[in-house]
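K.L.:
Here's the letter readout for the chains.
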Amino acid sequence: MYQTTYHRASSVDEAAALFAKGSEAKFLAGGQTLLPVMKQRLASPSDVIDLGRIKELIGIEASGDTLSVKAATPHYEVATSDAVKKAIPALAYLASLIGDPAVRYRGTIGGSLANNDPAADYPAATLALGATIKTNKRSIAADDYFKGLFTTALEDGEIITAVSFPVPAKAGYAKFPHPASRFALTAVFVAQMKSGEIRAAATGASQSGVMRVPAIEAALKANWSPTAIDGVNISASNLLADIHGSAEYRANLIKVMAQRAVTAAG
Amino acid sequence: MGVEGIGARVVRKEDKRFITGKGRYVDDIKLLGMTHAHFIRSPHAHAKVKNIDSSAALKMPGVVAVLTGQELVDDKVGNLICGWAITSKDGSPMKMGAWPAMAPETVRFVGQAVAVVIADTKNLARDAAEAVVVDYEELPAVADIQAAIKSGAPQLHPEAPGNQVYDWVIGDEGATDAAFAKAANVVKLDVTNNRLAPNAMEPRAAIADYDAAEEHFTLYTTSQNPHVARLVLSAFYNIAPEHKLRVIAPDVGGGFGSKIFIYPEEMVALWASKKVGRPVKWTGDRTEAFLTDAHGRDHITHAEMALDANNKIIGLKVKTYANFGAYMSLFSSSVPTYLYATLLSGQYNIPAIHAEVVGVYTNTTPVDAYRGAGRPEASYLIERLMETAARQLKVDPAQLRRTNFITQFPHQTPVIMAYDTGDFNASLDAAMKAIDYAGFAARKAQAKSQGKLRGIGVSCYIEACGIAPSKAVGSLGAGVGLWESAEVRVNPVGTIEILTGSHSHGQGHETTFCQLVAERLGVPISQVSIVHGDTDKVQFGMGTYGSRSAAVGLTAILKAMEKMESKAKKIAAHALEASEADIVIENGEFKVTGTDKAIALPMVALAAYTAHNLPDGMEPGLKESAFYDPTNFTFPAGAYICELEVDPGTGKTSFVNFVAADDFGRLINPMIVEGQVHGGLAQGIGQALLEHAIYDANGQPVTASFMDYSMPRADDLPSFNLSHTTTLCPGNPLGIKGCGEAGAIGASAAVINAITDAIGKNNLEMPATPDRVWRTIHAA
Amino acid sequence: MSTVKLTVNGKAVAVDVEDRTLLVQLLRDHLNLTGTHVGCDTSQCGACVVHMDGKAVKSCTMLAGQADGANVTTIEGIAKGDELHPMQAAFRDNHGLQCGYCTPGMIMSAIDIVHRHGGQLDEPTVRQELEGNICRCTGYHNIVKAVLDAAGRMKVSQAAE
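Residue numbers (our numbering), protein chains in the order written: chain A, 1 to 266; chain B, 1001 to 1780; chain C, 2001 to 2161.
If you're looking for bench data, these hints aren't it; they were derived computationally from the structure.
Honestly, I wouldn't trust all of these hints.
Each computed DMTMM-like pair below joins lysine to aspartate or glutamate, with the alpha-carbon atoms no more than 20 Å apart [stated by the list, open to error]:
1. B/K1016 <-> C/E2018
2. A/K39 <-> B/E1580
3. B/K1013 <-> C/E2018
4. B/K1563 <-> B/E1580
5. B/K1652 <-> B/E1580
6. A/K26 <-> C/E2018
7. B/K1030 <-> B/D1120
8. B/K1570 <-> B/E1586
9. B/K1188 <-> C/D2093
10. A/K39 <-> C/D2029
11. A/K39 <-> B/E1130
12. B/K1452 <-> A/D230
13. B/K1013 <-> C/D2093
14. B/K1652 <-> A/D156
15. B/K1122 <-> C/E2018
16. B/K1122 <-> C/D2093
Some chain A residues flagged as far from chain B (calculated, every beta-carbon gap over 10 Å) [what the hints assert, rightly or not]:
17. S11
18. Q40
19. R41
20. S46
21. R53
22. S63
23. K86
24. K137
25. A180
26. S181
27. A215
28. N223
29. W224
30. A236
Here the structure is a predicted model, which means the values were calculated and not measured.
Using N, Cα and C, we set each Cβ at its ideal position, and we do this for glycine too.
Isolated chain A (complex conformation) (with noise of 0.2 Å):
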């Protein structure tokens, strides 16, 4: 690791006021991706400043169609969640599936959306429930949030502070690990919005980071059932393709994944 200077912010402006004075910060959060990159020299932040003791920045609220989890919140939270749980189990069941048990414990979502990691987990629960992400300066939709790989709507310094759930009717999440890494190799969450929109994102697949799949939410809409994906053709275009699974695996493990996910969600 290069040389950088450590701060541990106690708010959410002392963090922004922090990362406006550093040449090159970075904000860390669980450290679960950025501290093996640095690790690795493949980062050289000036200074990195600690978001995961801000208090304001950690917990879990439920009220009425709406879940939010605030961004410093660990996954292990997430995924034994009682609110969680009741609300949006798929959720807790995808956070239960990010990483190993010591990640989890130090891993948070506003970390996993700031980095937008191609084959992380919870881009396809926030893009397939429409969530929102909350900053310390505004409210970004899902569908304007996710900009391909690595990539973000965040402007530079901007802060995620919780991530706005709507509650769905029903929602599923299958993943298939990566045998290696354990990130998603492809994983599809669906959900049915209490409004009857169907939605489906994938994370693992796609060139450009997690996706919308249009082919399942249309054959979702006319018959919620794991066979309507059956006939369902998904193009191996544009799809992720390396040593462990071809284009052409993927966008089957995306129709298998959608139809397990759909099982789930019942």
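Please build the complex by placing chains B and C on the supplied structure of chain A, with the hints as guidance.
P.N.:
Using the frame of chain A, we list chains B and C on its own:
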């Protein structure tokens, strides 16, 4: 058997330090004034090193030195050696390209070191390494066997035209051709044995400490065989004469073959510690382990098997290309030849075998012995062939094996090995019973009704272990003997130290070896300690690999024990005024048989050291040593059966059951033996399902971290169902065959045979990743 | 440089370290607690797992500064004098270790698993929850046995307290 004697499930003595965090691995050691090394490694698979500019780095605070390959040459540090000479079929010796510890002129694989930064801290060394500017001129590279053997391919070494190391043959070609000419059926198979990264959990590390006044070096290193390391460092690398070089391998966190070899980093650390006048420590990280630890396997093979009308095998033809990487590592040459082709007869009576092995250089990490070393490749090939034959001939695969099993021993195969004993039907019986082979068809039908594809796969392996009689391996080209030494020291108060040339890096020697002493003397193992891993303490030894520590190392201890006991009996007889022939050893006492006269071991020991009243002419002391050279290889064998299900939607494999019935001869500590099998099975299953060290066409490694290289994890594996059938090894007095590699040798074929059974298609390469299985299921 | 103050195995310590120092480096290099190991660079292998404020964390994936003010327990701190922690004893009794390198992290993760699941553990759960700890020696068979055994022992010892 006593509670701590042979055959007892004694919990391990060494565990206390490991479970309390008190293990002492190389990286745990700090020396006064210690510096830290960071190697500058080639990012290119093949390139000329045109210039190294270290001026900026040398100006950085805390930087002690930047040393290059040219300085190593100038100081006459020797090139790395390959210790087993193989002769090609045309009579020519193998073609060795020079391998300097740091490349002065040409780099031939990604990760090869060109220079080293020595600094006050690890971070400073790495910071400074980035300021060293290396000017490379890239050269075209070959990353795999096919690319390397093409005409016009880029050449690695001027010494080796066509990138060929050797073209070696074994067996009787004429007899084999004749067998094929009269065959009723011929079965053909092409297989790839995938390249693996060994990945012991402890990355390699070394600390070198030069004492200028004494002109003496101490090396702490992650080694499976510290004496061999000292020998090679002295005799070939000109580091220091043996009496001026102490090599210590303290606790070592796994080896699996990869820590047999003497690596450039150890050589450079020693040399650098003299140059900078301070101790030098290097601890590799996981990426360096992927780039520089010798890889394993990497064969491409075409094989044909001839059978007569009664389904008896009458001939076997094999042609294998073996990838050695960019340089010939220490024992690499022997792996695809004498450790592979000599096992091609498997458990079967095959009258004629002919095998040809072509060794090939590529611009990849050197390849050498990895758990099993040649024998997994042989076993996989034979067991895939047997399965393929059974499918082609439409006979039960277990029955086809039985039809061809060797049942008379000793059995001379046509490929050197003389199997001494075994009972292959017994292990297959045990495995088939354990898995309810007869009930499989019903289970398969049941699984089908639930949308799952269920398969069963058999693998009957045999291996040659202990390696081996020194005269035999010498005649085959080995540069060393493969005996083992031991020393038994009975201290004046009767406690016992066993010094062994074997090295434990997880195998439990500190417990198993004590059990032999407990068995023979009837003393508790708490009174015995095992000393190993230090060339200043143990006279000499060949180390631990090839499942040899019990069969060879423990036998050496037995031989030394016998000498010690003989002397102790004389002392006891003298003290008890009895005849030596009447003395028996029981419960730590020397008794006159048939009487109540006895003298305890501590009193015998004390008598030996006070020497006040010893038999006339006897030397004082009670310490004996022995060198034991085995008379044959040992031949552990067994039957593994795997039952699994494939998810047709994803191609993912899930285990239903995995049974292993092994014949290891006598077991000293069944608990430890089972642990060895579990670990071996995991590596064999890892090869079959998950693991693959991959390079792109330019020789860039694609799998250089645990993010990309799939290591078997707890949820990838089943619990294993183990059993043992026993035929005692006649080659050593304890009847031991060895157990360290069996799992890794036998498991892969069982898994692939089961998956191909499940999906109903025979051609499937390892690793059988979900993608690969899914594509095979859905291929036209 | 910063001064990191934390409690390690019940003892308050203050250590001056570069800000880039990882928690594992603070433990090993500055406090000489070498039972915590490093087996990879990518947060995968779990040889470095320690407990921070009672939860299993990967000490190679935390800056020392992030642990400022925290209560850290390492493998050296779980036995009570000569009395082994039930998880340590279960690893020994079930031959859940061979080379010992992954063992400290494995034990620290395993204790955390039992804390989270109490006596409700079964083999599939243990296997799944050991996802972040890699062992190359044991094939996990005896590790899984040890964790299940310890879960029973820890229940008994908790009941006794």
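K.L.:
Keeping to a limit of 20 Å between CA atoms, is the pair of B/K1563 and B/E1580 held or broken?
P.N.:
14 Å, holds
K.L.:
Regarding the pair B/K1652 and B/E1580, is the alpha-carbon distance no greater than 20 Å?
P.N.:
67 Å, violated
K.L.:
Within 20 Å, alpha carbon to alpha carbon, are B/K1452 and A/D230?
P.N.:
18 Å, holds
K.L.:
Are the Cα positions of A/K26 and C/E2018 separated by 20 Å at most?
P.N.:
18 Å, holds
K.L.:
Against chain B, does A/A180 hold up as non-interface, every C-beta pair farther apart than 10 Å?
P.N.:
Label violated. Min Cβ-Cβ 4 Å, cutoff 10 Å.
K.L.:
Taking 20 Å as the top limit, are the C-alpha atoms of B/K1122 and C/D2093 close enough?
P.N.:
38 Å, violated
K.L.:
Can you confirm whether the C-alpha distance between B/K1013 and C/D2093 stays at or below 20 Å?
P.N.:
Holds. B/K1013 to C/D2093 sits at ~11 Å (cutoff 20 Å).
K.L.:
Going straight from one Cα to the other, do A/K39 and C/D2029 come out at no more than 20 Å?
P.N.:
17 Å, holds
K.L.:
Measure nothing beyond the straight line between the CA atoms of A/K39 and B/E1130; if it is 20 Å or shorter, mark the hint as holding.
P.N.:
Status holds; Cα separation ~14 Å.
K.L.:
Over 10 Å to the closest beta carbon of chain B is the bar; see if A/S46 clears it.
P.N.:
With a cut-off of 10 Å, A/S46 remains clear of chain B, as the shortest Cβ separation is near 15 Å.
K.L.:
Just double-check A/K137 for me: nearest Cβ-Cβ distance to chain B has to come out over 10 Å.
P.N.:
It holds; A/K137 is separated from chain B by about 33 Å at its closest Cβ, greater than 10 Å.
K.L.:
Are B/K1030 and B/D1120 close enough, with their CA atoms no more than 20 Å apart?
P.N.:
Distance ~13 Å between B/K1030 and B/D1120 Cα, so the pair holds.
Checked against the numbered hints given earlier, the structure breaks hints 1, 2, 3, 5, 9, 14, 16, 18, 19, 25, 26 and satisfies all the rest.
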